[in-house]
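Kindly produce the complete structure, drawing on both the sequences and the hints.
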Amino acid sequence: MEAILNEVKDKGITAVYGYEDLAKIYNSYYILDYEGYSQIRKRVGWELASAITRGSEGKLESFYMTLTTLLVFFREVSFKMIKPSKAIPLLRELGTPLPVKYENYTVSLENPVRVEVNFDFEKVMGRIMERKVEMDLFDVHGSREVDGLKSIAMKGLKILLKVDYSQGKVSLTLDLRVKVEDRGLDREIKIDELRAAVGRSLKEILGGSFNIHSEFEEMVSQEMESMIEPVISAYRKKLEDETGFQEVVIVPADRASLINVLESGISQEEIIQFVDDIRLKAMSRIRKGITEIHNLEIGDLVPEKVEIQGGIIQYGNGRLSNSPTWVKSLVTMLSIIASAQPGSLVLVDEPEEHLKDEDVEKVGKFLLSLSSFKVIVSTRNRKLYDLIRTSS
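The opening position of the sequence shown corresponds to residue 3 in the working numbering, with each subsequent residue numbered one higher.
Read the hints as simulated data drawn from the structure, not as lab findings. Beta carbons are placed, not taken as given, at the ideal position from N, Cα and C, and that holds for glycine. Hints should not be assumed to be uniformly reliable.
Unchecked claim - Here are the simulated lysine-lysine pairs, DSS-like style, with alpha carbons at most 30 angstroms apart:
no.	residue 1	residue 2
1	K307	K283
2	K160	K61
3	K283	K13
Claimed, not checked - Pairwise CB distance ranges (calculated):
no.	residue 1	residue 2	range
4	K385	S168	40 to 50 angstroms
5	E59	D141	22 to 32 angstroms
6	T108	M137	38 to 48 angstroms
7	I193	P232	41 to 51 angstroms
8	R94	S266	34 to 44 angstroms
9	Y107	G128	45 to 55 angstroms
10	D302	M137	39 to 49 angstroms
11	P232	K307	42 to 52 angstroms
12	S393	S266	33 to 43 angstroms
13	I6	K385	18 to 28 angstroms
14	R146	F276	31 to 41 angstroms
15	H215	D256	37 to 47 angstroms
16	G318	I6	30 to 40 angstroms
17	K364	G57	21 to 31 angstroms
Written out as structure tokens, the structure reads:
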């Protein structure tokens, strides 16, 4: 792989005859793509959140259960229209997984939860990108207040998160604050009555009618994403400077059907069941690329005009999805290339797909004209291979 990359950096375009796993090259540089950057950041954030959960020794679960207990406690107090100050003294007797305190009309943890774990950024990034990764790591610190969770209607609740990374260790500190408005009836409530009501509500939540647990985990994962943003961004910039590539784009083989999938109206959830990840990424570029094809020097490669009308991709007077297979394959290739920004690494798998011999030569000349990109071609057509190798 390194030999091919060095050659394309030097010559601007190179070709491999037979089969080359372009997906491996693509995955190695996918972080240069905006979508790839977002996905990798999310994946690393999830890995870090999982590591923290495993290393918390139940502390995160206790925090979540304390949060849930306070939710149902204040909901029951509000339902019974009792002044919170009359019921809050019973919290200690009621019991929460983590001890809480009440001062200045605010409920908080007696001691914030702190979790520290080892985390090897280079190892995790290398596994995701399928390559050796060397990062310039530096200390990162961040803090954030979250106004509760989407599924929790709890006035005055704030979740406080503080994240630190230094020398291979990540620490997460969690606390909560509930600002209490002391309104309601000035009457007492018995602990047995409160315990029964809270118990019923907890059973309802833990039984699955609410999704607070997964939402809490998602919140932690998102906070990890925010924390690692500077680290991931710095590595992306380093890779960009080292390679000179602005982004990476792949044109997969067996691409003609992507137009039909794109125009089918099938939901994204259904599409991912039968379209692999590489082709999903290619599909995400087609519509944008259709509007940019006119910027390419395609000559008479495409006999009819390609455009989007009313949200539908048109080819000549009809829909592109109803066009011959060779047209769909060719237009898909052109649109993906057109979507790339100058300086991109463009990987093209079987550009000759479904084409007649005379059109294969035209495609070869077109690929040779892409001077603003670095292009790697994997082909099973000997004439196309020879054309690119002898002309580059």
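Hints and how they fare:
1. K307 x K283: holds, 25 angstroms
2. K160 x K61: At roughly 18 angstroms apart (the allowed maximum being 30 angstroms), K61 and K160 satisfy the hint.
3. K283 x K13: At roughly 27 angstroms apart (the allowed maximum being 30 angstroms), K13 and K283 satisfy the hint.
4. K385 x S168: 40 to 50 angstroms: Violated: the Cβ-Cβ distance is about 58 angstroms, outside 40 to 50 angstroms.
5. E59 x D141: 22 to 32 angstroms: holds, 25 angstroms
6. T108 x M137: 38 to 48 angstroms: For T108 and M137 the Cβ distance comes to about 41 angstroms; the hint holds.
7. I193 x P232: 41 to 51 angstroms: holds, 49 angstroms
8. R94 x S266: 34 to 44 angstroms: Distance hint for R94, S266 is violated at roughly 60 angstroms.
9. Y107 x G128: 45 to 55 angstroms: Given range 45 to 55 angstroms: holds, Cβ gap about 50 angstroms.
10. D302 x M137: 39 to 49 angstroms: Check passed, 48 angstroms falls within 39 to 49 angstroms.
11. P232 x K307: 42 to 52 angstroms: Holds - the Cβ-Cβ distance for P232 and K307, about 46 angstroms, lies within 42 to 52 angstroms.
12. S393 x S266: 33 to 43 angstroms: holds, 39 angstroms
13. I6 x K385: 18 to 28 angstroms: holds, 20 angstroms
14. R146 x F276: 31 to 41 angstroms: With a Cβ separation near 39 angstroms, R146 and F276 satisfy 31 to 41 angstroms, so the hint holds.
15. H215 x D256: 37 to 47 angstroms: holds, 41 angstroms
16. G318 x I6: 30 to 40 angstroms: holds, 38 angstroms
17. K364 x G57: 21 to 31 angstroms: Violated - the Cβ-Cβ distance for K364 and G57, about 58 angstroms, lies outside 21 to 31 angstroms.
In this structure, the hints that do not hold are numbers 4, 8 and 17, in rising order.
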